[in-house]
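Just so you know, the sequences run in chain order A and B. The numbering of the first sequence is our numbering, which starts it at 1 and goes up by one. The numbering of the second sequence is our numbering, which starts it at 1 and goes up by one.
Quick caveat, the hints were computed from the structure, so don't treat them as lab data. C-beta atoms are modelled at their ideal positions from N, C-alpha and C, and glycine is treated no differently.
DSSO-like mimics (lysine-lysine), calculated; alpha carbons at most 27 Å apart, straight line:
| hint | chain 1 | residue 1 | chain 2 | residue 2 |
| --- | --- | --- | --- | --- |
| 1 | B | Lys-15 | A | Lys-58 |
| 2 | B | Lys-57 | A | Lys-3 |
| 3 | B | Lys-58 | A | Lys-15 |
| 4 | A | Lys-3 | B | Lys-58 |
| 5 | A | Lys-309 | A | Lys-58 |
| 6 | B | Lys-15 | A | Lys-57 |
| 7 | B | Lys-58 | B | Lys-3 |
| 8 | A | Lys-264 | A | Lys-175 |
| 9 | B | Lys-175 | B | Lys-244 |
| 10 | A | Lys-57 | B | Lys-3 |
Calculated Cβ distances over 12 Å to all of chain B for the following chain A residues:
| hint | residue |
| --- | --- |
| 11 | Gly-16 |
| 12 | Thr-17 |
| 13 | Pro-139 |
| 14 | Lys-145 |
| 15 | Ile-146 |
| 16 | Gln-188 |
| 17 | Glu-204 |
| 18 | Leu-210 |
| 19 | Gln-211 |
| 20 | Glu-243 |
| 21 | Glu-321 |
| 22 | Val-333 |
Chain A stretches covered by chain B per the calculated footprint, using a threshold of three residues with CB under 8 Å from any CB of chain B:
| hint | stretch |
| --- | --- |
| 23 | 48-57 |
| 24 | 91-97 |
| 25 | 112-120 |
| 26 | 256-263 |
| 27 | 278-291 |
Letter by letter, the chains look like this.
Protein chains: 2
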Amino acid sequence: MAKIDDVARLAGVSKGTVSNVFSQKRATSPKVTERVLRVSRELNYVPNHTARSLVTKKTMAIGLTIPHGNFFFSAFHNQFINGVILEASTYGYRVLLDMIAVEEVKTPSLASYPIDGAIVLGPTKEDRRIQLLHQNQIPFVTVGKIMNQGIEDVSTVNNNNDKIIRDICNYLISKGHRNIMFLNAGQQMTVSIVRTEAFIHALEAHQIELQPHMIHYKPLIYSEEYMRYGYDETYNTLANLEEKVTAIISDDDRTAFSAMNALKDLGYSVPEDISLFVICGDLSMMHQVTPSLTGMDLQPSELGVQSVKLLMHKLSVLEGEFTNHWIVDSKIVERDSCSSV
Amino acid sequence: MAKIDDVARLAGVSKGTVSNVFSQKRATSPKVTERVLRVSRELNYVPNHTARSLVTKKTMAIGLTIPHGNFFFSAFHNQFINGVILEASTYGYRVLLDMIAVEEVKTPSLASYPIDGAIVLGPTKEDRRIQLLHQNQIPFVTVGKIMNQGIEDVSTVNNNNDKIIRDICNYLISKGHRNIMFLNAGQQMTVSIVRTEAFIHALEAHQIELQPHMIHYKPLIYSEEYMRYGYDETYNTLANLEEKVTAIISDDDRTAFSAMNALKDLGYSVPEDISLFVICGDLSMMHQVTPSLTGMDLQPSELGVQSVKLLMHKLSVLEGEFTNHWIVDSKIVERDSCSSV
DNA sequence: CTGAAAGCGCTTACAG
DNA sequence: CTGAAAGCGCTTACAG
Chain A
1 MAKIDDVARL
11 AGVSKGTVSN
21 VFSQKRATSP
31 KVTERVLRVS
41 RELNYVPNHT
51 ARSLVTKKTM
61 AIGLTIPHGN
71 FFFSAFHNQF
81 INGVILEAST
91 YGYRVLLDMI
101 AVEEVKTPSL
111 ASYPIDGAIV
121 LGPTKEDRRI
131 QLLHQNQIPF
141 VTVGKIMNQG
151 IEDVSTVNNN
161 NDKIIRDICN
171 YLISKGHRNI
181 MFLNAGQQMT
191 VSIVRTEAFI
201 HALEAHQIEL
211 QPHMIHYKPL
221 IYSEEYMRYG
231 YDETYNTLAN
241 LEEKVTAIIS
251 DDDRTAFSAM
261 NALKDLGYSV
271 PEDISLFVIC
281 GDLSMMHQVT
291 PSLTGMDLQP
301 SELGVQSVKL
311 LMHKLSVLEG
321 EFTNHWIVDS
331 KIVERDSCSS
341 V
Chain B
1 MAKIDDVARL
11 AGVSKGTVSN
21 VFSQKRATSP
31 KVTERVLRVS
41 RELNYVPNHT
51 ARSLVTKKTM
61 AIGLTIPHGN
71 FFFSAFHNQF
81 INGVILEAST
91 YGYRVLLDMI
101 AVEEVKTPSL
111 ASYPIDGAIV
121 LGPTKEDRRI
131 QLLHQNQIPF
141 VTVGKIMNQG
151 IEDVSTVNNN
161 NDKIIRDICN
171 YLISKGHRNI
181 MFLNAGQQMT
191 VSIVRTEAFI
201 HALEAHQIEL
211 QPHMIHYKPL
221 IYSEEYMRYG
231 YDETYNTLAN
241 LEEKVTAIIS
251 DDDRTAFSAM
261 NALKDLGYSV
271 PEDISLFVIC
281 GDLSMMHQVT
291 PSLTGMDLQP
301 SELGVQSVKL
311 LMHKLSVLEG
321 EFTNHWIVDS
331 KIVERDSCSS
341 V
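Using the sequences provided together with the hints, build the complete structure.
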């Protein structure tokens, strides 16, 4: 690989000048620019990214930290990541994918983390990733609320999960449902905690008392229960509960399908006997299946874009004012899986 | 951030020694090791990754290049990426996600690409990404066959797509199907080309002549047709074709759902009237829906693991012999969507 | 087992 | 607009 000295020598200029034609930080005369570029092309020269990083102290990469161990990509995450990559590339940033154990204390890494900033997906209570980032003074933004971290003023991009659950509950209650089962996300995620509170409040607002066994949490991904989540909860709850459940709120499409299977085995059909609402599902899945599934549009791609934007502000690559807490809109998309009782 | 000089001074040793206790490349006495480690902890010191990279000429990152523009993560890709990340972390490697335009000639990047090697997902004919990698002398392995690249001896990890299609066809033909429609992947992908050939051969082997309009290709992702792929092809073909289609092979679960919607609108049911086979779908989706979908297990996670292993061999981090072409097994998983005619 | 010194390939004040 | 020189924070022969 040709290096800057080779180009400088052959073009008859100094290294500094070669550097400038590539970085564009100082103007170079047209003649010199053209000559340097030509020589560079001949030698197949391209500035060494690492050497540049060492002096600029920028890696031009952001980390996307995905909770490892209790997580699996869903359509939501796919779209989110698409948004992140596309937006990051706008600023010349690349995306480093990283799974960090949320809880286990691993042996500290042997070297500093080669990123300028990070995006933390799906924070949990007392999330270790956040502690690590904070400790290493790496700017970051979380996608989702943080809790119990003892860190001030963390930048966050998020849906309004409180409002989402209230909207869903009001939607179902307005259709006459009063016995609503909630298949929530994993218990360790802060989003689940927010949702549960909102769920209880929404019911209370309509004088509905929360029945036991009406809120369930997604098991850890590698557990035996994981693959049966949705089915077991639905089957057991509907088979045993005194009061009849008439609506189910499901965290994602997979869980919804699983629940529908249980309903089928119990002899119920959707939406005639039971209404089904999916919070976070693949749009094309949701409308392709029968019945098509009513759900929320969370704008995952927009969440990705906004989290990159916020991070770029923190890294001062984006100028101007910004809010530390950005909310991405969401709205109900009605399809065929919810009906009135 | 503390640097190696600070630690060396405070611990009363040379920088070289500090370097050695962290890199473990040369032994250090217990006393010195302990002292250096203690000081490092006090100063919150961790070796600078970039500085190290500059001299070792290793970034300890591999790139995962995803075709941009005509691509969307599916469950297959999720599991694949999971395999890649997990296996890569075994060797201390991180994964840089990258979407490179497959065809457009973008302005050349302003700096070298900070990866030691790359994995190319879903190669197309005359794939630009492969040319770029080859040109920049970055070791890479493709997941999928390459065609028309003019490059010798490219390392490849792949399913045996020829065998997969033959197996599927034989499976369907053994159930009496002779009019089989094939909803293939995107036309530009090499996998589609291999599959189409195999499809034709499999039919020929049973003296079945390929009817027109029996092979379709997935449109580019941002096209208007994309969202209707599966539905339109199924509807139009079944409504207009003289001979009745009795089985459909679908590239993925999304397309299968789409096709099922068309079948419903046409008054056909699966598997009574039409059999449906999914090549590459989300296992949990496949068995959660009704009817559960018969399909192939492609072992995407294993594909990810093996492509990292092969790349590590090329980077000489893994010793010993290796084959340049690794095939990952696949097998039919029977569920409820295929029946005999 | 340890140290002193050169060097990895750039960028960046500084000077002109 | 350009150049000479120092320096980014490490690792690595070389020597002992």
